Amino acid sequence: MNIKVKFFADLRNRFGKESACRLPEGSTIADLFKQVELPEELTRIVLVNGKSIEGNMNYGLCDKDTVSIFPPVGGG
Amino acid sequence: MSSSYTNRLLRVNLSDGSIKIEKINQDWQNKFIGGRGLATKYLVAETDPKIDALSKENKLIFVTGPLTGTPAPTGARYMIVTKSPLTGAVACSNSGGYFGSELKFAGYDMIIFEGAAEKPVYLSIYNDEVALKDASEVWGKGVWETEELLKSAEGDSEAKVAAIGPAGENKVLFSCIVNEKHRAAGRSGVGAVMGSKKLKAVVVRGTKGIGVNNPTQFFEDINRSKEILKDSPVTGKALPAYGTAVLVNVMNEYGGLPAYNFRKAQFENAEKVSGETLADTRLVANKACFACTIACGRVTKLPDEASEQYIVSTSSRNWKNAGEGPEYENTWAMAPLCGVDDIDALIKANWLCNDLGMDPISYGATLACAMELYDTGAIDEKTAGMNLAFGNAEALVKMAYATGYREGFGDYLAEGAYRLSKRFGHPEFFMGVKKQEFPAYDPRSVQGIGLAYATNNRGADHLRGYTIASEIMGIPEKTDPAATEGKAALTKLFQDATGVVDSSGLCVFSTFAIGLPEIVPMINSATGSNYSVDDALKIGERIWNMEHLYNLEAGISGSEDTLPKRILEGKIPEGPTKGMVNRLSEMLPEYYKLRGWDSSATPTEAKLKELDL
Ligand code: SF4
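Respectively, the protein sequence lines represent chains A and B.
Using my numbering, the letters of the first sequence map in sequence onto residues 1 to 76.
Using my numbering, the letters of the second sequence map in sequence onto residues 1001 to 1613.
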C-alpha cells in the first residue's frame, strides 16, 4: 500500500518535507518508522490522517493514509 | 535577611504628581509570592471592581516576581495588573525582555500608578532618583521612536523603556504596553489604561544588585533547572530553532487551527506562514529575554521588495531593518484566521502592532470578524473603506494602522470583535469569551482548552491554563484532546500551577521542561521562604479564587463561563476533526465542584476559609 509521510520541524533536515512510502498490507506505524529509519525517540506527535495515534506504535495503516510526524515541540 | 525581593514599591500618583516609596505588605507577599498574585491583592484591596477601567479610579500596577532579575532561567518576566477596559474583568498581562529585571536592579518589586495626569508624562527611574517628566514630545509617536527619543532625553542608552504607542493613547480596547520595542504585556487592553492616565512610558535604569537568601543552594537549584531545560528537546531544540510558530503545522495537521473566523479548523496554506517557513526564509537569529536559556524570540527581516509593499505611513519606520516576531499566536490571528497567506504582510502587520502598541491576537481576531461581516454582506466596501474579503493581505496591514489611530473603519475595529459584531447586528460572529477574542487553538478539536477558555479569569486566553501542553504535546502526560473526561481536573491544575509560575517571575514556557518541583526550590533559596509544592499550588488556587471573586463583584457572573454557539453547536465542517463541537456541559459542573464553587460559580464559605480569602 502507498503511504504519504510528512515531516516537520528539524526532522525535515534529515528526511525532507515529504516522502511516499510503499509498505506491505497490514503494516503498522512501527513498520513505517523502520522503513524510513526514523528512531521513535526523535518523535513525539504522530498523526494518521490528522488523528493522533496516542503512542500506539502498533497502529495499523491503510492504503493512501497520510502520516504526519513531529519531534517534541512546544509553543504558546 | 538577604532575599531576591527588594521589598519596596513605588507609589506614583499621577493626579497630584506625588511619588512615594513604600514597604511591601509582608503578609500579602507570603500569601501570594509576588508578581501576578501580589499585585492582584493590591488591586483588590485598593480599588472597587465596579469602576470604569478607563477612569482615574483604576490603578495600573507594574510588578515583578522574586525570581525576576535573578539568574534563574527565564527570570525575565514582569506583569501588568489592572482592570481591563476590554473585558471589565481583572487583567494581568505578562512580558519578558529586560524591563522587569532592570526595575528590580533599580530597587523596586512593583510600581502602582494611581489617578491620571492632565498632560502627557513619563516616569523616569534611576535607582533612587524617580521623577515624573513631560512627555509631550513623544505623545503621538510610535513605541519604537518613543524608546529612542526617551533614551536620548535621559542620556542613557542602557535604560529600558516600557511604552504605549498611538493605540494606547487612543484607548484602543486591546492596546498593550511594549518594552524593548517588541516585547509586550499584550492582552486585555492594559495599554488603554496607561493611555487614560496620560502616562506614555516608564524609563528605568538600575545599577543595584539583587541578593539571594542562600547563594550556594540557589545556584545548585538553578543549575539543575538549566540542565533540564538544555536537555529537553522542546526547550533545548524546537523553541530556539523554530520559535513558538512551530505549532502552526502541528495544529493544522491535527485540525485544530481555526481559520476564516472559526468557520474552519484547518488552513489550506498554513505551510506558507509556518514556523518552518519563517525559519527557512525570514529568520536572522533567535533571541532571548533576560536570563533565558531557551531563546524562543525571532529576529526577522523582510526581503527588499517586500519592504516597499503596502506602505502605510511616511513616518520613521524603516521596513528594511530587522524586527522581531511573529510568534505562533500573532501568526495565527493575522494569517489563517483572516485567510491571509502572505508571510511578509504578516511580518509587517506584526511589527506595526508592536510599534502602535496593539495586541496582535485581538487585532487579527477582530479583523477576521470584520471579514466575516463583509463576506456575509453585513458591511460593504463603503462602510469599511476598503475591500475586506478574507485573504486580503493589504487590508491586514492597512487596517492595523487605521485601528491604532482609530481612523475610519479602524475606529470600530479598535473596540474589539465583541462590540464590532454587535454594532453590525451579528453578535454570533464574535469568537471569544468575556468580550476577549480567542487565541489559536480550536476548542472544538481540543476539549480541555475549551474549558480553560470558558473559565479563564481574564476572558478567552490560553496562557492561564495551557492544557494544550498535555492534550497535544504530551507534557507532562498525554491526554486525548477529543475526550472530556479528566479535563476539569487537568484545567484546574494548569490554572493553579500557572498562578505560581506567573507570580515567581519565570516564563511559562519554562514549564515545557521544568515544573513546580524545580521552581519552588528556586523561590525558596532566593527568598528564604519555605514553601512546599503543595503550599505553592494552594497559593495558585488562592490567586485564582481572588481573581474570580473580583470578577463576580465586577458583575461578571458564572453565566459568562461559556463559549460561543459556533463552538458549542456548529460542527467543524471538514478535515480530520470534522463534526466536532466543544462539549463544555460535560466538564463545567465537575470543574465547579473541584473548585469548591456552587452551580452559579460562587465559592463556598468553606472554600474561602480554606484559602484564607
Ligand atoms: S522562553 Fe521565550 S518568551 Fe520566555 S523568557 Fe525565554 S525568550 Fe522570553
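Any given hint could be a false lead.
Listed next, the in silico PhoX-like pairs over lysine-lysine satisfying Cα-Cα at most 20 Å (straight line) [as the list claims (entries may be wrong)]:
no., chain 1, residue 1, chain 2, residue 2
1, B, Lys1264, B, Lys1478
2, B, Lys1133, B, Lys1198
3, A, Lys6, B, Lys1272
4, A, Lys51, B, Lys1237
5, A, Lys4, A, Lys17
6, A, Lys17, A, Lys6
7, B, Lys1571, A, Lys4
8, A, Lys17, B, Lys1264
9, A, Lys51, B, Lys1198
10, A, Lys51, B, Lys1133
11, B, Lys1571, A, Lys17
12, B, Lys1571, A, Lys64
Keep in mind the hints are simulated off the structure, nothing from the lab.
All values reported here derive from a predicted model rather than from experimental measurement.
Going down the list of hints, with the structure as the test:
1. B:Lys1264 / B:Lys1478: 25 Å, violated
2. B:Lys1133 / B:Lys1198: 12 Å, holds
3. A:Lys6 / B:Lys1272: 15 Å, holds
4. A:Lys51 / B:Lys1237: 25 Å, violated
5. A:Lys4 / A:Lys17: 11 Å, holds
6. A:Lys17 / A:Lys6: 6 Å, holds
7. B:Lys1571 / A:Lys4: 28 Å, violated
8. A:Lys17 / B:Lys1264: 25 Å, violated
9. A:Lys51 / B:Lys1198: Measuring from Cα to Cα gives roughly 51 Å; hence the hint is violated.
10. A:Lys51 / B:Lys1133: 58 Å, violated
11. B:Lys1571 / A:Lys17: 31 Å, violated
12. B:Lys1571 / A:Lys64: 26 Å, violated
Hint compliance for this structure: hints 1, 4, 7, 8, 9, 10, 11 and 12 are not met, and every other hint is.
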